[in-house]
Amino acid sequence: MLTAQWMYGLAGCVIMALGLRGALLHASLLQRIVAINVMGAGVFMLLVAVAYRGPVLPPDPLPHALVLTGIVVAVSATALALALARRLHAEQEDD
Amino acid sequence: MSPVSLPLFDALLLFSIVGLAWASLATTDERRSVILFIAFGLVLAVAWGRLLAPDVALAEAAIGAGLSGALLLGAVHRQPRPLSPGSTNDSRNQGATGMGVVLRWVVTLLCTALAGTLAWALLHAFSSVPHDMLPRAISGNLAASGVSNPVTAVLLNFRAYDTLLELAVLLTAVLGIFALGQANPGYQPAGPVFDSLVRWLVPVLILTSGYLLWVGAHAPGGAFQAGAILAAAGVVLRLAGRTRIGLPEGFMLRIVMAAGVGLFLLVGLTLLLLGRPFLGYPPAWAGSLILLIETAAMLSIAATLLLAFLGGRPESPAHAARTESANTTASNSGNEEQTRC
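Protein chains in written order, with the working numbering: chain A, 1 to 95; chain B, 1001 to 1341.
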C-alpha cells in the first residue's frame, strides 16, 4: 500500500463529507451549488487516488477518463442549477 | 524530489486543499465562498499533477476552477441578496433555532460517519492486491486504438459510449438553460488596458485550444480541455463587453451545439451499416475518426460552455445593442448588472 494513495484517498473522503454537509445545511442556494461541487471534487480525488500506482508504474487511465467525464458533467449541472436559481430568484422578485 | 520531501509536500498540499474546502463552506458570505472554491480548484489541479493525472489537471484548471468559477462569480455578481430556497427562510430559521442546532449536529455526525465508512472501505481496498486487469487490457490494446494517450483511447475508443452520452448530457443541460429564459445582460465595454489584453489573449487561447485538440492523441489534452479553452476565449470577449463573442447565430448555432453528438452518432451508425460493432472503429481508420469526432466535440463543448456562461438563449447582436441602449437610458439606481471590468 502506498502512502500517497491512502493520504489522498482519506482526504477525498473528508472533502466529500464536508461537501455533503454543506449541501445539506447551507441556507443559500448558491452555496449549496458550491458545496455539491466540493463533494464532487472529493469523489474525483478518491478515484484519482485509486488510479495512482506509485512514481514508477503508470497510473490506471480508466479512472482518469471517468474523472474527466465527471468534471464536464459537473460544470454542465452547475450551469443548469445556476440558471434554475436565477429563474427562481426572478419569480420571487415578482411576488 | 527526494523521497523524504514528497510526503511532506503531499501533507502540505492536502492540508491546503481540505482547508480551502472547509473555508469555502464555513463562510456564509457567497462571494468569499466562491473565490475560495476557485482557489480550491486550482490547488486541486496541482494535486492531480502530483498523482500523475495531467489530463485531469488540465481539465480541472480550465473547467473545474476556470469556467465553474466564472459561472459562480457571475451568479454572485447578479444577486445582490443571497439566494434562499424559500422566501420564508428567515422566519423559519428564527422560529426553530433549537431544532436547527440539533439538526446541524445530526447532519454533521452522519456526514462524519459516512466519511469514516468510506475511508474504511478504501483502506480495505488499498490493502488488497490491486486489480490490474483493466490497465493491462488498455495498454495491450493501445496500439489498435488509433491514439497513444491512454486517457484519450479510453474516452474516444474503448468507452466511446460514455463520451457520446456525456455530450448528450451537455446538450440536455444547455437546452434546459435555454428553456429557462434569455441570456444575462452583457457587460460594459472594457477600458483600454483590459481591451488590449483581450486582443492578445483571445488569439492565444484559440491557438492553445487547437494545440490541445491535436496533441490529445499522444499527450495530455483532448476535446474537453480544448473546448473549455475555446469557451474561455468567448468568456473573455463577453467580459470585455463585446456583443460578438464568436458564437454563430440561429440555425448555425443549433448545428454547432449538436455537432458533437451528431457526428459521433453518424460515425457509430455508419460503422454499424458496414457490419462493425457500434463505434467499433477499424484500427486503420481509428486515429482519423477520433480526430474528426474530437473536432466536432470540441466545437460543441465550447459552444455549450459559452452558452452556459451566458445563462440563457442568446439574443441577436442587433437586439442586444437595442436592449443595451434601452438599459443605459433607463438606468435606475438598482441597475448594477452592467459592470465595468
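Among the hints, erroneous ones may be present.
Claimed, not checked - A partial selection of chain B residues facing chain A, derived with a Cβ cut-off under 7 Å:
1) Ser1033
2) Met1099
3) Val1102
4) Arg1104
5) Val1106
6) Leu1155
7) Ile1177
Hint data in this document are derived by calculation from the structure and do not stem from the laboratory. Just so it is clear, the structure is predicted and the values come from calculations on it, not from any experiment. C-beta atoms are modelled at their ideal positions from N, C-alpha and C, and glycine is treated no differently.
These are the hints, each one checked on the structure:
| no. | hint | in the structure |
| --- | --- | --- |
| 1 | Ser1033 | 5 Å, holds |
| 2 | Met1099 | 13 Å, violated |
| 3 | Val1102 | 12 Å, violated |
| 4 | Arg1104 | 6 Å, holds |
| 5 | Val1106 | 10 Å, violated |
| 6 | Leu1155 | 5 Å, holds |
| 7 | Ile1177 | 4 Å, holds |
Of the hints listed earlier, those the structure fails to meet are numbers 2, 3 and 5, in rising order.
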